[in-house]
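Protein sequence lines, in the order shown, are assigned to chains A and B. Per the numbering used here, numbering through the first sequence is continuous, rising by one, with the last residue being 303. Per the numbering used here, numbering through the second sequence is continuous, rising by one, with the last residue being 240.
Mixed in with the good hints, there may be bad ones.
[What the hints assert, rightly or not] In silico DSS-like cross-links for lysine-lysine, where the CA-CA straight-line distance does not exceed 25 angstroms:
hint : chain 1 : residue 1 : chain 2 : residue 2
1    : A       : Lys280    : B       : Lys233
2    : A       : Lys276    : B       : Lys233
3    : B       : Lys117    : A       : Lys210
4    : B       : Lys78     : A       : Lys284
5    : B       : Lys233    : B       : Lys56
6    : A       : Lys268    : B       : Lys233
[To be verified] Selected chain A positions facing chain B (Cβ under 8 angstroms, derived; list incomplete):
hint : residue
7    : Tyr79
8    : Ile84
9    : Ala86
10   : Asp203
11   : Val240
12   : Thr254
Because the hints were derived from the structure by calculation, they are not lab data. Note that beta-carbon positions come from the ideal geometry of N, C-alpha and C, so glycine has one too.
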Amino acid sequence: MSNNNYDIFKRLKNYSVTPPPKIWEALQDEFFGKPGDAYLKIKSRELQNFEQKPPEILFEQIKVNYQRENIQAQQRVTGNERTSGRIIFLFRKYAVAAAIFIFILAVPFLLKKYSPQKQKGPDTVKVKSADKLLENQPKLNEKKTQAELTANKSHQTAPGKLSFHKQTDNWLAVSYVQINGDNLIVYENDLLYTFAKLKPKTVPSFFRSSDGKEIQISINEFTNISVSSYMQTIISELYKTGRKGKPTWKARRVKGRIEKWRKNDVKLFDKKMNANPLDIIDMGDSLFNY
Amino acid sequence: MSKKIWSYIILIFGLLLSCELLSAQIQENLPFIDTSGESDLTVSYSLNIKSLQKEGYAETYNGGLKTLFISKGRVRNRLVSLMRMQSVFYFRETGNRERTIAIVKESGKDKYKTYLSLKEWQQYNRKYDSSTCILSNDSILILGYQCKKATIILSEEQKIVVFYTELIRNSMFEIAEPAFAGIPGLVLQYTYENERAVLTYTAVSISDLAIAPAVFQIPAMGYPVRKFVQTNSR
Numbered sequence: 014m015s016n017n018n019y020d021i022f023k024r025l026k027n028y029s030v031t032p033p034p035k036i037w038e039a040l041q042d043e044f045f046g047k048p049g050d051a052y053l054k055i056k057s058r059e060l061q062n063f064e065q066k067p068p069e070i071l072f073e074q075i076k077v078n079y080q081r082e083n084i085q086a087q088q089r090v091t092g093n094e095r096t097s098g099r100i101i102f103l104f105r106k107y108a109v110a111a112a113i114f115i116f117i118l119a120v121p122f123l124l125k126k127y128s129p130q131k132q133k134g135p136d137t138v139k140v141k142s143a144d145k146l147l148e149n150q151p152k153l154n155e156k157k158t159q160a161e162l163t164a165n166k167s168h169q170t171a172p173g174k175l176s177f178h179k180q181t182d183n184w185l186a187v188s189y190v191q192i193n194g195d196n197l198i199v200y201e202n203d204l205l206y207t208f209a210k211l212k213p214k215t216v217p218s219f220f221r222s223s224d225g226k227e228i229q230i231s232i233n234e235f236t237n238i239s240v241s242s243y244m245q246t247i248i249s250e251l252y253k254t255g256r257k258g259k260p261t262w263k264a265r266r267v268k269g270r271i272e273k274w275r276k277n278d279v280k281l282f283d284k285k286m287n288a289n290p291l292d293i294i295d296m297g298d299s300l301f302n303y
Numbered sequence: 007m008s009k010k011i012w013s014y015i016i017l018i019f020g021l022l023l024s025c026e027l028l029s030a031q032i033q034e035n036l037p038f039i040d041t042s043g044e045s046d047l048t049v050s051y052s053l054n055i056k057s058l059q060k061e062g063y064a065e066t067y068n069g070g071l072k073t074l075f076i077s078k079g080r081v082r083n084r085l086v087s088l089m090r091m092q093s094v095f096y097f098r099e100t101g102n103r104e105r106t107i108a109i110v111k112e113s114g115k116d117k118y119k120t121y122l123s124l125k126e127w128q129q130y131n132r133k134y135d136s137s138t139c140i141l142s143n144d145s146i147l148i149l150g151y152q153c154k155k156a157t158i159i160l161s162e163e164q165k166i167v168v169f170y171t172e173l174i175r176n177s178m179f180e181i182a183e184p185a186f187a188g189i190p191g192l193v194l195q196y197t198y199e200n201e202r203a204v205l206t207y208t209a210v211s212i213s214d215l216a217i218a219p220a221v222f223q224i225p226a227m228g229y230p231v232r233k234f235v236q237t238n239s240r
């Protein structure tokens with residue numbers, strides 16, 4: 014049905030009829046009489062006084078149109094309700110944005126609240142451990158310095174059976190070191206010399222094992238050094254013995270190499286004093302160009 | 007203005023505020039901050055040597071530790087390794103100007119100490135006089151500190167790449183490490199590379215706890231004084 018209407022309108026739209034000649038003049042005569050009379054009628058305002066009662070059917074048509082428009086208006090209201098869904102969606106968007114905003118603000122506070130207890134660097138922790146060791150000692154001063162605590166800890170942890178070298182006036186002198194929990198007396202503050210001097214029978218187990226585990230040497234509270242895997246191999250070779258318990262040829266060779274390195278080291282950094290081992294460039298250039 | 011614009015403004019403000027709070031939080035978690043140079047300072051650096059050729063001699067220094075102590079105009083820079091223990095002392099206020107610097111070899115049977123004047127120390131480190139320092143915006147995080155990059159150039163072959171924090175400053179740094187004279191802060195990592203190896207010192211601990219005066223005491227017994235003599239050739 015609707016298609017038919019559409020077709021009719023489409024056809025009507027394209028429909029055209031050429032009016033007969035002089036139709037306009039004929040129509041003008043029909044409505045306004047002779048030319049010139051219409052102009053005179055308008056001028057004399059006769060149209061203003063013209064009245065005509067509308068037909069009864071027209072009122073009914075207006076009434077129907079009004080009701081139709083009313084229904085359409087109600088339908089529009091329903092459509093607006095649909096757009097209110099969009100408003101709710103926008104409101105949700107704002108709510109999400111507000112939640113994100115609150116979350117962003119809350120993160121630093123949450124971090125602060127639930128972060129681990131503030132540590133003042135590794136040394137602070139160490140000092141606390143030293144404090145524990147000193148619990149049974151008479152309290153001389155509440156606030157102890159780092160080195161004092163270090164010295165106290167050294168005396169506390171030193172096993173009685175170890176005979177220490179006389180404490181020199183070098184505050185950081187190394188009397189012994191701890192390697193993987195075992196104590197080892199150090200001669201002349203010299204770690205390499207100490208390791209080379211050890212007799213095969215007294216060599217700690219960590220130098221014998223070949224598990225590749227890194228060896229950490231703890232010298233004092235703030236000094237831990239690690240032994241590279243290469244040096245671990247070299248040191249372990251030092252203690253290899255033959256059938257009669259004497260060092261093998263390889264062990265003697267390794268000892269000779271260490272002695273050679275020692276001489277080079279003295280030559281580079283002590284005799285000429287042109288290079289400073291604490292200077293990174295001097296060290297880098299000397300170690301590989303000796 | 008529409009509600010949308012207001013919401014954007016509030017969101018941006020919130021983001022900025024939270025960034026500020028986060029950075030404050032990060033700074034609060036740092037071991038400490040000292041730009042005045044008044045606190046005592048202990049920094050330990052571990053040494054890592056990488057080389058394609060396994061030179062045993064260099065390996066005796068690999069894994070070593072360098073500790074920098076600074077307290078009230080006094081400095082002790084101490085290297086501990088399998089091969090050697092050595093310290094450099096500096097005293098800002100000393101009765102004898104000829105003994106401003108002391109180099110003490112602490113290990114071995116041939117321990118000794120050598121005193122230098124400030125002028126001799128400068129002469130000892132003269133290679134850095136003509137160095138140039140290029141600061142960069144690249145950065146890495148070391149021990150919680152945001153460290154900026156800088157390159158110290160001595161020559162085409164000799165360059166030190168450093169990472170430093172501006173949150174810790176001390177006028178003693180340039181005495182302790184003359185290489186870092188142009189660095190505006192504390193260096194927490196530095197690398198030197200030559201054709202045969204790469205050496206890197208990286209800070210492993212940092213503390214502002216009080217340092218006992220005895221740490222700055224130059225050992226007397228068993229450490230004969232050797233005159234400082236520097237020859238031109240190595």
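Hint by hint, here is what the structure shows:
{"no.": "1", "hint": "A/Lys280 x B/Lys233", "in the structure": "16 angstroms, holds"}
{"no.": "2", "hint": "A/Lys276 x B/Lys233", "in the structure": "20 angstroms, holds"}
{"no.": "3", "hint": "B/Lys117 x A/Lys210", "in the structure": "18 angstroms, holds"}
{"no.": "4", "hint": "B/Lys78 x A/Lys284", "in the structure": "32 angstroms, violated"}
{"no.": "5", "hint": "B/Lys233 x B/Lys56", "in the structure": "35 angstroms, violated"}
{"no.": "6", "hint": "A/Lys268 x B/Lys233", "in the structure": "32 angstroms, violated"}
{"no.": "7", "hint": "Tyr79", "in the structure": "38 angstroms, violated"}
{"no.": "8", "hint": "Ile84", "in the structure": "35 angstroms, violated"}
{"no.": "9", "hint": "Ala86", "in the structure": "29 angstroms, violated"}
{"no.": "10", "hint": "Asp203", "in the structure": "4 angstroms, holds"}
{"no.": "11", "hint": "Val240", "in the structure": "6 angstroms, holds"}
{"no.": "12", "hint": "Thr254", "in the structure": "21 angstroms, violated"}
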